[in-house]
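Full structure from sequences and hints, please.
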Amino acid sequence: MSRPLSPALQKLMAQFGEALPNKLAEIRKLHCAQANPADEALQAYYTAVHRLAGSAGSYGFRPVSEAARVLDRYLSDVIAGEKTYTPAQAEALLQDLAQSIDTRNTSPEG
90 MSRPLSPALQ KLMAQFGEAL PNKLAEIRKL HCAQANPADE ALQAYYTAVH RLAGSAGSYG
150 FRPVSEAARV LDRYLSDVIA GEKTYTPAQA EALLQDLAQS IDTRNTSPEG
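Once you know that position 29 of the sequence shown is 118 in my numbering, the rest is easy, because the numbers rise by one and skip nothing.
Quick caveat, the hints were computed from the structure, so don't treat them as lab data.
Positions of the beta carbon are idealized from the N, C-alpha and C atoms, including for glycine.
Check each hint, because a few of them may be wrong.
Here are the computed distance ranges between Cβ atoms for each label pair [said to hold, decoys possible]:
#1 ALA169 with LYS118: 37 to 45 Å
#2 PRO96 with GLN178: 38 to 46 Å
#3 GLN184 with ARG151: 29 to 37 Å
#4 LYS172 with PRO110: 43 to 51 Å
#5 PRO96 with LYS172: 41 to 49 Å
Shown next, in the form of structure tokens:
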């Protein structure tokens, strides 16, 4: 049996959920900046997705965290040279992330 969350933590979780559309918009901008995926823009894109994957999981937004983690792994493999950056693949994974946010997964699982 789990203890109820404190009001302060509930407020933080709600604020995080409300901020998800803005976080997605920032990630979309970084996605669109991938003219040359070998440059610093790719690293910034990866970092933003990686942070979202971790923070979403920490705040209890499992579907968002899982979708972000898939994109995170893909970008990590591209940076490591294990995969080639493909705009269509990145777009599909970004759409999955957007779907996890757009389907109103903006409240944590409890």
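Going through the hints against the structure:
no. : hint                           : verdict
1   : ALA169 with LYS118: 37 to 45 Å : 24 Å, violated
2   : PRO96 with GLN178: 38 to 46 Å  : 42 Å, holds
3   : GLN184 with ARG151: 29 to 37 Å : 19 Å, violated
4   : LYS172 with PRO110: 43 to 51 Å : 28 Å, violated
5   : PRO96 with LYS172: 41 to 49 Å  : 44 Å, holds
In this structure, the earlier hints numbered 1, 3, 4 are contradicted, and the remaining ones agree with it.
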